[in-house]
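Asks: Each chain, written out:
Protein chains: 2
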Amino acid sequence: MEQYLQNRSSLIDQDLSFRRDRTKANTVSELSADRAVRQIRATEADSVWLANESAYYGDDTSPCIFPGMQFLTAKSLIMQTKLFKLLVKMPKGALLHAHLDATVNARLLLKFALEHPCIHIRLSRPLTITSITTAIPEFRPLTAASSALSLTSDGYVPGEWVPIVKARDSFHENFGGPEGFDKWIVDALMINPSEAYEQYNTTNKIWRKFQSTFAVSSVLIRYKPIWRKYIYEFLSSSVDDGISYIEARINFHYKHMFGEDGEESVPHREWLIDLEEVTEQFRQTLKQQGRGNEFVGIKVIYTTVRHATPEGLEWYTEDCIQLKQEFPHLIIGFDLVGHEDSLKPLIDYIDPLLKFRKRQEELGIDIPFVFHAGETTGDGTKADMNLYDAILLGTKRIGHGFSLYKHPKLLQICRERGIAVEACPISNEILRLTSSMPMHPLPALLNQGVPVALCSDDPAVFGNMGLTFDYFQVLVASETTGLLTLGQIARDSLQHSLLEPAEKEHALQLWESRWNFFIRSIVEDHGSVGDQQVN
Amino acid sequence: MEQYLQNRSSLIDQDLSFRRDRTKANTVSELSADRAVRQIRATEADSVWLANESAYYGDDTSPCIFPGMQFLTAKSLIMQTKLFKLLVKMPKGALLHAHLDATVNARLLLKFALEHPCIHIRLSRPLTITSITTAIPEFRPLTAASSALSLTSDGYVPGEWVPIVKARDSFHENFGGPEGFDKWIVDALMINPSEAYEQYNTTNKIWRKFQSTFAVSSVLIRYKPIWRKYIYEFLSSSVDDGISYIEARINFHYKHMFGEDGEESVPHREWLIDLEEVTEQFRQTLKQQGRGNEFVGIKVIYTTVRHATPEGLEWYTEDCIQLKQEFPHLIIGFDLVGHEDSLKPLIDYIDPLLKFRKRQEELGIDIPFVFHAGETTGDGTKADMNLYDAILLGTKRIGHGFSLYKHPKLLQICRERGIAVEACPISNEILRLTSSMPMHPLPALLNQGVPVALCSDDPAVFGNMGLTFDYFQVLVASETTGLLTLGQIARDSLQHSLLEPAEKEHALQLWESRWNFFIRSIVEDHGSVGDQQVN
Numbered sequence: 001m002e003q004y005l006q007n008r009s010s011l012i013d014q015d016l017s018f019r020r021d022r023t024k025a026n027t028v029s030e031l032s033a034d035r036a037v038r039q040i041r042a043t044e045a046d047s048v049w050l051a052n053e054s055a056y057y058g059d060d061t062s063p064c065i066f067p068g069m070q071f072l073t074a075k076s077l078i079m080q081t082k083l084f085k086l087l088v089k090m091p092k093g094a095l096l097h098a099h100l101d102a103t104v105n106a107r108l109l110l111k112f113a114l115e116h117p118c119i120h121i122r123l124s125r126p127l128t129i130t131s132i133t134t135a136i137p138e139f140r141p142l143t144a145a146s147s148a149l150s151l152t153s154d155g156y157v158p159g160e161w162v163p164i165v166k167a168r169d170s171f172h173e174n175f176g177g178p179e180g181f182d183k184w185i186v187d188a189l190m191i192n193p194s195e196a197y198e199q200y201n202t203t204n205k206i207w208r209k210f211q212s213t214f215a216v217s218s219v220l221i222r223y224k225p226i227w228r229k230y231i232y233e234f235l236s237s238s239v240d241d242g243i244s245y246i247e248a249r250i251n252f253h254y255k256h257m258f259g260e261d262g263e264e265s266v267p268h269r270e271w272l273i274d275l276e277e278v279t280e281q282f283r284q285t286l287k288q289q290g291r292g293n294e295f296v297g298i299k300v301i302y303t304t305v306r307h308a309t310p311e312g313l314e315w316y317t318e319d320c321i322q323l324k325q326e327f328p329h330l331i332i333g334f335d336l337v338g339h340e341d342s343l344k345p346l347i348d349y350i351d352p353l354l355k356f357r358k359r360q361e362e363l364g365i366d367i368p369f370v371f372h373a374g375e376t377t378g379d380g381t382k383a384d385m386n387l388y389d390a391i392l393l394g395t396k397r398i399g400h401g402f403s404l405y406k407h408p409k410l411l412q413i414c415r416e417r418g419i420a421v422e423a424c425p426i427s428n429e430i431l432r433l434t435s436s437m438p439m440h441p442l443p444a445l446l447n448q449g450v451p452v453a454l455c456s457d458d459p460a461v462f463g464n465m466g467l468t469f470d471y472f473q474v475l476v477a478s479e480t481t482g483l484l485t486l487g488q489i490a491r492d493s494l495q496h497s498l499l500e501p502a503e504k505e506h507a508l509q510l511w512e513s514r515w516n517f518f519i520r521s522i523v524e525d526h527g528s529v530g531d532q533q534v535n
Numbered sequence: 001m002e003q004y005l006q007n008r009s010s011l012i013d014q015d016l017s018f019r020r021d022r023t024k025a026n027t028v029s030e031l032s033a034d035r036a037v038r039q040i041r042a043t044e045a046d047s048v049w050l051a052n053e054s055a056y057y058g059d060d061t062s063p064c065i066f067p068g069m070q071f072l073t074a075k076s077l078i079m080q081t082k083l084f085k086l087l088v089k090m091p092k093g094a095l096l097h098a099h100l101d102a103t104v105n106a107r108l109l110l111k112f113a114l115e116h117p118c119i120h121i122r123l124s125r126p127l128t129i130t131s132i133t134t135a136i137p138e139f140r141p142l143t144a145a146s147s148a149l150s151l152t153s154d155g156y157v158p159g160e161w162v163p164i165v166k167a168r169d170s171f172h173e174n175f176g177g178p179e180g181f182d183k184w185i186v187d188a189l190m191i192n193p194s195e196a197y198e199q200y201n202t203t204n205k206i207w208r209k210f211q212s213t214f215a216v217s218s219v220l221i222r223y224k225p226i227w228r229k230y231i232y233e234f235l236s237s238s239v240d241d242g243i244s245y246i247e248a249r250i251n252f253h254y255k256h257m258f259g260e261d262g263e264e265s266v267p268h269r270e271w272l273i274d275l276e277e278v279t280e281q282f283r284q285t286l287k288q289q290g291r292g293n294e295f296v297g298i299k300v301i302y303t304t305v306r307h308a309t310p311e312g313l314e315w316y317t318e319d320c321i322q323l324k325q326e327f328p329h330l331i332i333g334f335d336l337v338g339h340e341d342s343l344k345p346l347i348d349y350i351d352p353l354l355k356f357r358k359r360q361e362e363l364g365i366d367i368p369f370v371f372h373a374g375e376t377t378g379d380g381t382k383a384d385m386n387l388y389d390a391i392l393l394g395t396k397r398i399g400h401g402f403s404l405y406k407h408p409k410l411l412q413i414c415r416e417r418g419i420a421v422e423a424c425p426i427s428n429e430i431l432r433l434t435s436s437m438p439m440h441p442l443p444a445l446l447n448q449g450v451p452v453a454l455c456s457d458d459p460a461v462f463g464n465m466g467l468t469f470d471y472f473q474v475l476v477a478s479e480t481t482g483l484l485t486l487g488q489i490a491r492d493s494l495q496h497s498l499l500e501p502a503e504k505e506h507a508l509q510l511w512e513s514r515w516n517f518f519i520r521s522i523v524e525d526h527g528s529v530g531d532q533q534v535n
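Just so you know, the protein sequences line up as chains A and B, in that order. Going by the numbering used here, the residue at position 441 of the first sequence is 441; the numbering climbs one at a time, nothing skipped. Going by the numbering used here, the residue at position 96 of the second sequence is 96; the numbering climbs one at a time, nothing skipped.
Because the hints were derived from the structure by calculation, they are not lab data. Accuracy of the hints is not assured; some may be wrong.
A pair holds if it fits inside one copy or across any two, identical chains being indistinguishable in the list.
Result set (SDA-like, lysine to any residue): computed pairs, CA atoms no more than 20 Å apart in a straight line [unchecked claim]:
1. 358 / 5
2. 183 / 110
3. 409 / 16
4. 382 / 5
5. 344 / 503
6. 255 / 325
7. 75 / 65
8. 89 / 236
9. 409 / 449
10. 409 / 18
11. 344 / 312
12. 355 / 5
13. 344 / 42
14. 355 / 3
15. 344 / 5
16. 382 / 38
17. 224 / 107
18. 82 / 3
So that you can see chain A by itself, here it is in the shape it has in the complex:
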């Protein structure tokens, strides 16, 4: 029996030997904090999750409550847990996968819009009590006066622009009045539980709603004054959540932003000048608050959408090169975005992408690929095959890599070459690649030694602002994963960032110092349980 237990322990060690949370010796405090967190998780598995499940056979009224369950249904419960409150304070490292135009709370975006009287709104069809749940509002900054006063009056002619403030004030009480207006806009900017889990409960269906949220927000965010506020808010809320560095994907698909004059004429370089100015302003504010060490910076991955023709892509790669030349420290990567299952696969773009690499060599610049790939449940489909092309094209990281776990050779390559996966667990769940966290293949990647960074993807749409929610969902859905796993994930997010070596070194030092402080605070708060072996 003793022999058996020895063999068992050795087999488990071999099986988990690739795991990156096992590569580093842990301090006594770290082990103690990890045990404390496991104990909280075990306690709350009963007191929060099991207690809220109507556990009796035959009761069909309760939703399905369990750790790692559907995020949109669980969110309020999650926020009440001790575990969540503890994780809020954890230094998260880098946010490596977020689409900048989907990073700010939808209510705040609406507030920004209402602060600008020139923002107008219109509808393509009259609003009815039933159509309001799917009616898509359209925005536009307009300087010319508009005569229309209400979207809900009988006299409203579809297509007429109404100033947003007036539209809100005059929103008919049958539609809930001004609060009804706010709810309508926020609902159009986000995915709600019934959409994700009932109405559009497949990847293909929910992607349609997902894309419609971008159609609503796009003009607002591309209005230069709002763009600046938006970036500031994104930085501020991210740093408040413990994120110290960001590599944001900016969608340069639209060639211009709307200026204060309402003209759609602001070129890409000005978007970046704004970004730099706002970042500097944010940095100064933090310094004044004595929080300078909490923020390393933000850089940009240039993206456009996978529906460009191969020839059309060249406009964007040239544009990207020009921006890289003007903002060498800001532009750090290139990617193609959109629904992989339905849009063009990477293989269609090999020609322009190889040309793009060649042009860079000639010009002596380097814009690494950081491709989305394998964001699919498909096996051997074009979206799944994107993984091969991403790796052959030399991608530095893989966005999503949801289907990577199926590919033995690619797992080995990612482990050996240090190609990190930007895993977006809540995004994957809401976009119906997985039904809940226990079904998510992330543990397979961790056990295979693939470096992983957790990412929020489009928190404005999903409601997973910051990184705490994604860390939480990952932590509660696995007994193997513990606080020290999350620590290694945070460390890896900086390690696999595209910072310059000296910047990276600096960012890692700042993180380690905050991590040690975090660990000490857990041990101080929960020291008494530290000696009991949980799990």
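Chain B: place on chain A using the hints.
Replies: Okay, now just chain B, sitting in the frame of chain A:
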């Protein structure tokens, strides 16, 4: 570009090099048949699946229709496809994972019960229109007369036994009359779509309904005259579906069966004598029909339930040894069954299981372990850890192994030692380990070179009679998988059976001959498309 495509092809080859469907050179006919099947699949992806999806954004009335979708919702649509009709004719090889007491169509089991006037039925609470959906009928063979005449009359006293035929005939029209009775019994024996996908939409919840079906069927199947009919029907329907050999798990948890006299006194050895006699009778019938070559035989994996105490388990291991000594060619394995997430893990039974091995050595017999393990979405939980113990205890195959894909070392061991996984895709989906086939981790096992046999598990409860449904769901959910993959899975089911070497050789020869016939028939029917490269 040419160089790129060469590198790409080489990377894909490396990635898929472990796959067992790539280990064998294929004939021209096989390749042609595979292409034809891929073409049918591609055509039906549009004509059957896409055509039935209400693809418009905003339409929330249609269920989510796609290839590999929820089986219980899709079943009738699946049966209309060309692909299904083609797969029915495929020789499936061995059925290696099926619980004998859940293998026969529920309507047939009810028919068998109605053929025996001594079968009585009772209820523990009065039946109401609302309680009927969850009311559990209880059966018992009784020879004494009963005065009660109806379950639905006002005078029915809960607990009173009613003869089943009378109970059916007198079932009140408010409950649907005799047809309502049949529906009630069949519903209690099966899982329906609303139970799996709405009411009890988590593994824990649906397991309660799942277990309740066994509570209903258990006494009926353990009534000796029905037991014999049940086995015959299982053999007959399996062979009709192209299954040529079966390793059935029999649950010996109950120590006795009910005899014709209604006494619960028939010991395990008589169960097996019945099995042998019925099998022989079935074999003779097949021979008379000139179908002798379609059936190799049936053998038995002894199982009991994971809630036994470690000491209590020894009664069963001793019982298993005695049966092995009396029926050496029939008893070919030992397993523990039940809900892994909630019942005792293998590690609790190491002591009696090691003793069991030692006793076998002393007696010069061999009863290999064939353990259920990893039938869970858990990561590092006791159910997931069962995989380590199953392998350390020398399991010949793994039942389910749903969580195996997360374990790099265990995948390697299974590949290298030829430990096959008995994959039960439809069972996993209905029991909510996965929400649909595209989310099932089976492709990861195939790509890792783990031998796989597809199995139906409990088709009486799930409605996936035979193996065609499981083969279908696997085929439509992956572009990598093709007909030749299914062929290799069928071949592997025999290769990894526990037949004696000579028996195995014989079974494989019979299968290869039927496979070649099947391939030829596809080529003859679809030869014209054989030359077009699909996929």
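Asks: Does each hint fit the structure? Answer for all of them.
Replies: Hint check:
1. 358 / 5: Between copies only: 18 Å across chains, 57 Å inside a chain, cut-off 20 Å.
2. 183 / 110: Only inside one copy: residue 183 and residue 110 sit 10 Å apart there, 54 Å across copies, limit 20 Å.
3. 409 / 16: Both ways: residue 409 and residue 16 sit 18 Å apart in one copy and 8 Å across, limit 20 Å.
4. 382 / 5: Result: close only across copies, 15 Å inter versus 45 Å intra.
5. 344 / 503: Neither. Shortest intra-copy (36 Å) and inter-copy (52 Å) distances fail the 20 Å Cα cut-off.
6. 255 / 325: Intra 18 Å, inter 81 Å, cutoff 20 Å: intra-copy only.
7. 75 / 65: within (11 Å within a copy, 28 Å between copies)
8. 89 / 236: within (15 Å within a copy, 63 Å between copies)
9. 409 / 449: both (13 Å within a copy, 12 Å between copies)
10. 409 / 18: both (15 Å within a copy, 10 Å between copies)
11. 344 / 312: within (13 Å within a copy, 61 Å between copies)
12. 355 / 5: between (57 Å within a copy, 15 Å between copies)
13. 344 / 42: between (45 Å within a copy, 18 Å between copies)
14. 355 / 3: between (60 Å within a copy, 14 Å between copies)
15. 344 / 5: between (52 Å within a copy, 17 Å between copies)
16. 382 / 38: Answer is between: at 15 Å across copies they meet the 20 Å cutoff, but 40 Å inside does not.
17. 224 / 107: within (19 Å within a copy, 68 Å between copies)
18. 82 / 3: neither (40 Å within a copy, 55 Å between copies)
When held up to the earlier numbered hints, the structure conflicts with 5, 18 and fits the remainder.
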